[in-house]
Amino acid sequence: MAFSVKLLGVRGTLPTPLTPSQREDKIKQALQAFIASPQASVFEVQEFMSAYPAHLRGGYGGHTSCVKITAGNERLIIDCGTGLSQLVPELADTEFKEGKGTMHILMTHFHWDHLIGLLTFFPLFIKGNQIHFYAVQPELPQVIKTIFQKPFFPVPFEKLGGTLHFHQLKPREPHPINGFTVSPYQLDHPDPCWGFRVERQGAAYSHCVDTEGVRLTPEELGPDLPLYQNVDLMLFDSQYTMQEITEKVNWGHATANFGIDLALSQNIRKILFAHHDPFASDTKIKETSLQVQHYYDSMRRLYRKNNMPFNDVQWDIAREGMTIEVKA
Amino acid sequence: MSEFNSKYTHDANEDMVFFFSGMIDSKAQFPSLRDVKEPIIRIDLGDVKMMNSGGIRTWILWIEKYREKQFSFYRIPTFFTNHLQLVDNLIPKDSNIASFFVPYFCPQCDLDNDLLFYRDKEFTNSGEVVLLVKATCAECTVPMEPSIHVDSFFRALNLRPPQAW
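Residue numbers (the working numbering), protein chains in the order written: chain E, 1 to 328; chain V, 1 to 165.
Check before you lean on any hint, since a few could be wrong.
Stated by the list, open to error - Computed footprint of chain V on chain E, listed as stretches where at least three residues anywhere in the stretch have a Cβ under 8 Å from a Cβ of chain V:
no. : region
1   : 216–230
2   : 238–250
3   : 305–317
To be verified - Quick partial rundown of chain V residues pointing at chain E, CB under 10 Å, derived from the structure:
no. : residue
4   : 54
5   : 56
6   : 57
7   : 78
8   : 88
9   : 89
10  : 103
Because the hints were derived from the structure by calculation, they are not lab data.
For glycine and all other residues, C-beta sits at the position ideal for the given N, C-alpha and C.
Isolated chain E, as found in the complex (with noise of 0.2 Å):
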């Protein structure tokens, strides 16, 4: 195995918990459907969750964008939405409690929901831990200030315990850090954005997020098309419909459908679909994917047809929590 991907936050924009009522709905249709069900038996409970459709079950999260890489003991967060509070739990016991602790974090940019997850992340506070920032936008080391000042929060960066690097990448190079190797693409977003092509052993993770998909073709893409060739796993934006996607122009955000093309251009053997709509509901996202299967299998026809040659994508919509491993 070359790395995991964790994801621990796919929501965009904003954190979307669930309501008190819509928990109430979820327990309510899946008793409803057990009751209705073959085995509706008290020992079959755990039988049943396991067959009740995922979007039904769980949901896909409200997390805001944050994924954690890891290889061994070493570990990569892209990121710092509201995920990266759930990384916390994990290192609460850990030499970050002490103080020993090292962190790398690459920032895609510096939108709110890429960043609010700072805030509670405990590792920042605590004396001798080792932050390492890494960004594109020279801006790094005063945006990570300005959100630790009164009156967004009480504690001002210069009380922060940890100790914080910032480190400028320069753009479509590689950088070895902590094991990988990085290298950042432009993605298409309102406010500078960069995408990263992750790689250890042969392996290649792609972040697509966040990412209107405004430039689709290798004469589009020019210098950025690397970040979408022979990748083995990539997380792509899908915030809109394909439908939505054509009335949201210049929202940086794309649709799951340009994904596809992507991948069965540039040869991505499979793709997560993420950054879901804070207002899609679980069984909106769920839709959206039956018209993904729609224009897949679409897609897939024309290809024959044309007699192109059809290399299969595995594709599935993101879920906060899933592990996914990279291999070569």
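Given chain E, work out where chain V should sit, using these hints.
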């Protein structure tokens, strides 16, 4: 796959018809219709081989610039109708459908063939499909069958499916 191409000509009635062909992707350069004086813009899509998601976006952003125009579409390919099932603003709401392809297959040898349905022949002005094209397989001569989900396919074209299919 050949790149997108557009040309226009005049048909037997002296009506101007745009012929689109090749691949519609995000690079497709559609013609400007601003100065077209004809009351109806006629577009023949029969030679378009593929339209991907980038092409869908480019197409919609183009055609929505001409909301005030009346469109008539000829030889709509089956993939275009499939896309219409996902994106209902792919063609303006009050467009005229002059003809469209329906995919058929041979249940014996799996041979595919797209058959053309015409307004006033297989479907009416009031939007009802009245006649099913009958075809036999060129290879094994058994009757071919349409390979569509009848209801959603015709409804995407704003047509009522036939009562008995």
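Evaluated hints:
1. 216–230: holds (count 4)
2. 238–250: holds (count 6)
3. 305–317: Holds, because 3 residues of the region 305–317 of chain E bring their Cβ atoms closer than 8 Å to Cβ atoms of chain V.
4. 54: Residue 54 (chain V) check passes; min Cβ-Cβ to chain E is 4 Å, inside 10 Å.
5. 56: 6 Å, holds
6. 57: 6 Å, holds
7. 78: Holds - the Cβ of residue 78 (chain V) comes within 10 Å of chain E, reaching about 8 Å at its closest.
8. 88: 7 Å, holds
9. 89: Because about 7 Å separates residue 89 (chain V) from the closest Cβ in chain E, which is inside the 10 Å limit, the hint holds.
10. 103: 8 Å, holds
Against the hints set out earlier in the document, no violation occurs for any number.
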